[in-house]
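Engineer: Listed here are the chains, written in short residue letters.
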Amino acid sequence: MSNKGRSEVVAHTAEVGLRIYGASLRELFRGAAGGLLKLYKKRGSVSPRRRDHISLKAGAVDELLVLWLNELIFLVASRRRLYSKIIFRELSPAALDAEVWTEAISPSRHYLSGEVKAATYHRISVARRGNGWHALVFFDV
Amino acid sequence: METADLRFQKIDDYRWELPRQGAMRVPGRVYASEKMLSKLERERVASQVANVATFPGIVGYSLAMPDAHWGYGFCVGGVAAMDVDAGGVISPGGVGFDISCGVRLLRSGLMAEEVAPRMDGLMDALFHAVPSGVGSKGKLRLSEDQMRRVFKKGARWAVENGLGDAEDLETLEDRGAIEDADPDGPSRRAVERGRDQLGTLGSGNHFLEVQKIDAIYDQPVAEAFGLFEGQLVVLIHTGSRGCGYQICSDSIQEMLRASLKYGIALPDKQLCCAPLKSPEGRAYFGAMGAGANFARANRQVVTHRVREAFMHAMGASPRELDMGVVYDVCHNVAKIEKHEFAGRKLTLCVHRKGATRSFPAGHPELPARYQKAGQPVFLPGSMGTASYVLVGTERAMRETFGTVAHGAGRRLSRTQASKQISGRDLRLQLEKQGIRVRTDSERGLAEEAPFAYKDVSEVVEICDRSGIAKKVARMRPMGVVKG
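Quick note, the sequences are listed as chains A and B, same order. The numbers in my numbering rise by one with no breaks, and the one at position 113 of the first sequence is 169. The numbers in my numbering rise by one with no breaks, and the one at position 199 of the second sequence is 187.
In case anyone wonders, no lab produced these hints; they're calculated from the structure. Take the hints with a grain of salt, since some may be wrong.
What the hints assert, rightly or not - Result set (SDA-like, lysine to any residue): computed pairs, CA atoms no more than 20 Å apart in a straight line: (1) A/Lys94 to B/Arg431; (2) A/Lys113 to B/Gln404; (3) A/Lys97 to B/Lys249; (4) B/Lys249 to A/Ala114; (5) B/Lys125 to A/Pro163; (6) B/Lys125 to A/Ala114; (7) A/Lys97 to B/Arg245.
Said to hold, decoys possible - Stretches of chain B that chain A covers, calculated by requiring three or more beta carbons in the stretch to come under 8 Å of a beta carbon on chain A: (8) 83 to 96; (9) 148 to 160; (10) 255 to 264; (11) 370 to 378; (12) 395 to 402.
To be verified - Short derived list, chain B residues pointing at chain A, Cβ under 10 Å: (13) Gly123; (14) Arg245; (15) Asp428.
The structure presented is a predicted model; accordingly, all values stated were derived computationally and were not measured. Even for Gly, the Cβ is constructed at its ideal location relative to N, Cα and C.
Produce the entire structure from the sequences given, and follow the hints as far as they go.
Structural biologist: This is the structure we're talking about:
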């Protein structure tokens, strides 16, 4: 994953959260994608072998972030693919269009030790702060 | 809701009330001892109990069970009943992503002592037979059509396809399937996410334990459940896997729109909801039922694999093993039930989020076999600690819409737990106690360390002394397969 945007894991008694930072909305969403891989406790590098396409619309930016994370969770959990490079063709608080470069999960090269069921709306916040964007998202794990 | 003004007031030694204030439509009520109340993240639980109390149509109290802790939307251990005929709502946040996650107990005709020398081979066989861990896949890969039949028939589908005995169905909640499930409700994505996961444990706090009954508290009820001291039993904890997670994710998007449409103010977006009688409410109820049926089929397939593993490892016939189902009951669900409250007979949508149904003797929903005894309730501990069998009570019907706790309840986050012990050290500790551990994730093992949970025995005592369930038997772990 690109190192643009950053995230830190937030403790929750039963679940887990991510606090995400980015200088722009693109960095924030990229940082969220990178943070999600932390929750999967991914080991092994990922090559950009196939281009997947994600296009989303939402009523608000927090909803867009949850939809984005749940798309990535579906990609990992169901399609069994990990992602490395993300190119946003369009990203506004209400819509997203992205190329996500992925590789099939290989039992010999990749290892995931955490399961992520979904991103939730519990105490969600996505906001501009100073010159950047901050978000807090909790996940069911 | 802001927590500054939320204070629990003592009713008696095991009941605490959160007075109605702000947008709360009913008061909150928590079942806890004074000691337990100090451990249950008072402010966070109070805030979540207060938020749930704002639901349209909520009846009586917004409840929290003795194992309550901070969840998302509802607290874990949260219970709320909405009056269906008075605009009562249904909320995916009151069910959770792991729809119909639950516990099934298998009895056996084996004494634990006779199996003890063969535990290593048995645990290897169980670990091989029941896939566990992140994204675990089972031996079955279902077509979309087969998945839709599972959504309709639940555990009955598994039995019809040779994965279990017809007799198993007699002692499953709802005889293995929620009748109101809509098999076409779940999206194609939910089908895709679950199609190769029947018969798997998954990860997190899901497990399969081989246990020994080491104490009986109520002999007649234990006998009715087919349990006796020294007996080997198997406890299975799993749910609807990726299929349920996807159904919930899909439904929440619909419910956010529905909350706006019906003008429902949300103190937490995860509590998005719709009147049960609305098209959106009915759609979620049908899809949730389909997810619940998938979970019931999953535990049925796991049961079949467990029996195969026992036959292989013990060289015994099904008759010799006698591994019947004591009961199967879920703890993440919303159900339509008839209850009497304050002298009125009501049709309620009872949400149980990390809480177990606890129906008394004589309830029409119970199988004939348990009409005199009452419904079995299981409270699993965490690896290395005891688990308990309890039985439902009339008092639970009167006070908690027939509900009790679902386990020990977490005390520490996963990160905190894994900082305190490595998976390897925990495995050694457990093995010193004579507990065999099989897992493919030592990190996951550490996250589920026994000290990450509250004392299950304390939770059980509160349930028993408050009268919302009564103790029947205690089990000690001999071996655990950890997801």
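Engineer: Now tell me if each hint is right for this structure.
Structural biologist: Verification of the supplied hints:
Simply put, A/Lys94 and B/Arg431 have alpha-carbon atoms about 13 Å apart, close enough for the 20 Å limit, and the pair holds. Between A/Lys113 and B/Gln404 the alpha-carbon distance is near 37 Å, which puts this suggested pair outside the 20 Å criterion. The suggested pairing of A/Lys97 with B/Lys249 is violated, with an alpha-carbon distance near 39 Å, which exceeds 20 Å. Restraint check for B/Lys249 and A/Ala114: satisfied, since their Cα atoms lie roughly 16 Å apart, inside the 20 Å limit.
A distance of roughly 13 Å separates the Cα atoms of B/Lys125 and A/Pro163; the hinted pair therefore holds under the 20 Å criterion. With a C-alpha separation of about 33 Å, the suggested pair B/Lys125 and A/Ala114 falls outside the 20 Å cut-off, and the hint is violated. Taken as a hint, the A/Lys97 and B/Arg245 pair is broken in the structure, with Cα atoms around 33 Å apart against an allowance of 20 Å. Figure legend: the segment 83 to 96 of chain B, annotated as covered by chain A; annotation consistent (3 residues with Cβ-Cβ distances under 8 Å, at least 3 required).
Here's how the segment 148 to 160 of chain B fares: 0 of its residues keep a CB closer than 8 Å to some CB of chain A, so the rule of at least three is not met and the hint is violated. Proximity of the segment 255 to 264 of chain B to chain A, defined as three or more residues with a beta carbon under 8 Å from a beta carbon of that chain, is established by the 4 residues found. Coverage of the segment 370 to 378 of chain B by chain A is violated. Counting CB-CB distances below 8 Å, 0 residues qualify, and the rule asks for three or more. With a cut-off of 8 Å between beta carbons, the segment 395 to 402 of chain B has 5 residues touching chain A; three or more are needed, and the interface restraint holds.
Residue-level restraint check for B/Gly123 holds (minimum Cβ-Cβ distance to chain A is 6 Å; threshold 10 Å). The criterion of a C-beta within 10 Å of any C-beta in chain A is met by B/Arg245, whose closest approach is roughly 8 Å, and the hint holds. Here the hint on B/Asp428 is kept, as its CB sits about 9 Å from the closest CB of chain A, short of 10 Å.
In the structure shown, a violation is registered for the earlier hints numbered 2, 3, 6, 7, 9 and 11, in ascending order.
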